[in-house]
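> Chain A is already provided as a structure; the job is to place chain B on it using the hints.
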Amino acid sequence: MTGPRAGHRAASVVAALAGSLLLLFLFAPLAGLIAAGGAAGAAKLGSDSELRSALLLTALTATSATLLGVVGGTPVAYLLERRRFRGRALIAASIDLPLLVPHPVAGIALLLVLGRQSAVGGALLAIGLRIVGSPLGIIAAMLFVAAPLFVSAAREAFGRVDPRYESVARTLGDPPWRVFRRVTLPLARRGLVAAGVVMWARAVSEFGAIVILAYNPKVASVLSYDRFTSFGLAEALPVAAILVLLALVPLVALRALRPDRAAAES
Amino acid sequence: MTADTPTVARSLTCGHIGPMRPRALTALLWLPIAMPIAAQENVLIAFNAGSLARPLRAALDSFAAREKVTIQQENAGSLETARKLTDLGRVPDVIGLADHEVFEQLLMPRYVSEYYEFARNRMVLAYTPKSEFASEITGATWIDILLRTGVETGRADPALDPNGYRTLLVWQLAETFYQRPGLARRLLEATPPRNVRPNEAALVGVLQAGEFDYIWSYESIAQAAGLQYVHLPPEVDLGDPAMAARYAAVSVRVPGNTPKDTITFRGAPILYGVAVPDAAPHKALARRFLDWLLSADGVRVLRGAKLDALDHALLVRSPSTE
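One line per chain: the protein sequences are A and B, in this order.
Going by numbering that gives the first Met the number 0, the first sequence opens with residue 0, and the numbers climb by one from there.
Going by numbering that gives the first Met the number 0, the second sequence opens with residue 0, and the numbers climb by one from there.
Hints in this document: simulated from the structure, not taken from any laboratory.
All clues given are correct.
In silico BS3-like cross-links for lysine-lysine, where the CA-CA straight-line distance does not exceed 27 Å:
| no. | chain 1 | residue 1 | chain 2 | residue 2 |
| --- | --- | --- | --- | --- |
| 1 | B | K83 | B | K259 |
| 2 | B | K282 | B | K83 |
| 3 | A | K43 | B | K83 |
| 4 | B | K259 | A | K43 |
| 5 | B | K282 | B | K67 |
Not close to chain A: a few residues of chain B, all C-beta gaps over 12 Å, as computed:
| no. | residue |
| --- | --- |
| 6 | A23 |
| 7 | T25 |
| 8 | R53 |
| 9 | A64 |
| 10 | Q71 |
| 11 | E103 |
| 12 | P180 |
| 13 | R185 |
| 14 | P240 |
| 15 | A248 |
| 16 | P268 |
| 17 | H281 |
| 18 | K282 |
| 19 | D307 |
The C-beta atom is built at its ideal place from N, Cα and C for all residues, glycine as well.
Chain A extracted, bound-state conformation:
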């Protein structure tokens, strides 16, 4: 009977090895990037005003896109998870479609819908809102590529809430909106925050769709491409490294500040 036990041990070793290799694969490039450009990037924060404004623009646009994604995506995720209705499968599938589109193609698709020749873009331009070549275009690109991640993660968050709690609240006379606000939302909050963090991170890293819609003003990803092309690696690494370092702050903070973290883990 030593066979199965030895087999289990071998499986554990293989699993640990595979896991470690993956972690190394994920962290090594980032560690290398920060080692190569982190100090120079921190120094540049003081001297390089173009870098500062690119980082500020990135933070503002990614946060705006995430807020829009949360406001629009939360009800969609809830409906898809909790209600059965005609066309549900179709909507669920098409929400993932933006994830499949190559990003420059996504940029062109958005251009066709939001450009000045389109009905929407034309109407917005008439009231003075320019999408293409403006921060609004950047937000649109980020929202398009990152919102599907929020919706699918938010669906999972709602899925983990036991429907019996909601039923109990309803039998006690709470109207649906109140049930959602007082029972479902608090129970799903941890997952929703995590979904928002994932969306924000994806928005910060977007390049392909943004560069089609709004090359200027430059977000950090575009600036790092720009620096690489015009000045080379030595100028591009600090921009990329400082973006990674600064993005880590809200990512870690949001994960750490989750209100029900301790309760969930105990």
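Just chain B now, with coordinates in the frame of chain A:
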């Protein structure tokens, strides 16, 4: 239980096909991934400027069919292409650039000791039938149309792409030729930063989507993409080698090797350069390709793809190797 499991698994996954087939099929699925990963001898790697994408592709395909080789082509702006060698240490077999000056500014003598000037091009103003005032635009009216409010004109980034700084040079030449002082500045104001894209290839899609009415581009790009375009006078379009002295009277400064440094590009006839880097991984094959590309056969293929290839390419050697 342990005795049953394999049987159950087999009946679930294999069905009637037999025990080995699915695994063999799965392995086959990985082949397209595995093939390019494995080191290959019969590969020709080309890095080239965006405006050479179509003509060089046609030439590479033609050569590949003849020599039974696989080709790998990477399109990017000329400066970005040069950076792949200088900063990323990635060396192709063949490198083709939209401005031979980039060889001299960034690649010689360390990466490339000689190159051929092999094709010409000229700057044009490209548009589509949907463009605002498309019915009115001619070689005589383009300036006034571009300066009208509501007309959106796109251009490439001068810091990243030869087409970008050539656009600025064309404006200066137009200012002199049409005797309209201040024209270059007014054309610059008519193409604000939001109308800039990293390279001329990126402008075409935006024009076709209707976001721009006009874009500054190359004749070869406009022809290959089926765009309409305004011919500019040879005194302005940087396309005529006989006008070299006239072109040299104008210049632009673009960022150099650091954000504080600058490089000056002087007006010059547009000449494309092609080279085999000294450290090319498949050098013998690359040399055969270059010989064929510059032969009458190669020139015919390039012209078929709308590139104005020269009958006789001109060899330029790095001063240090002479």
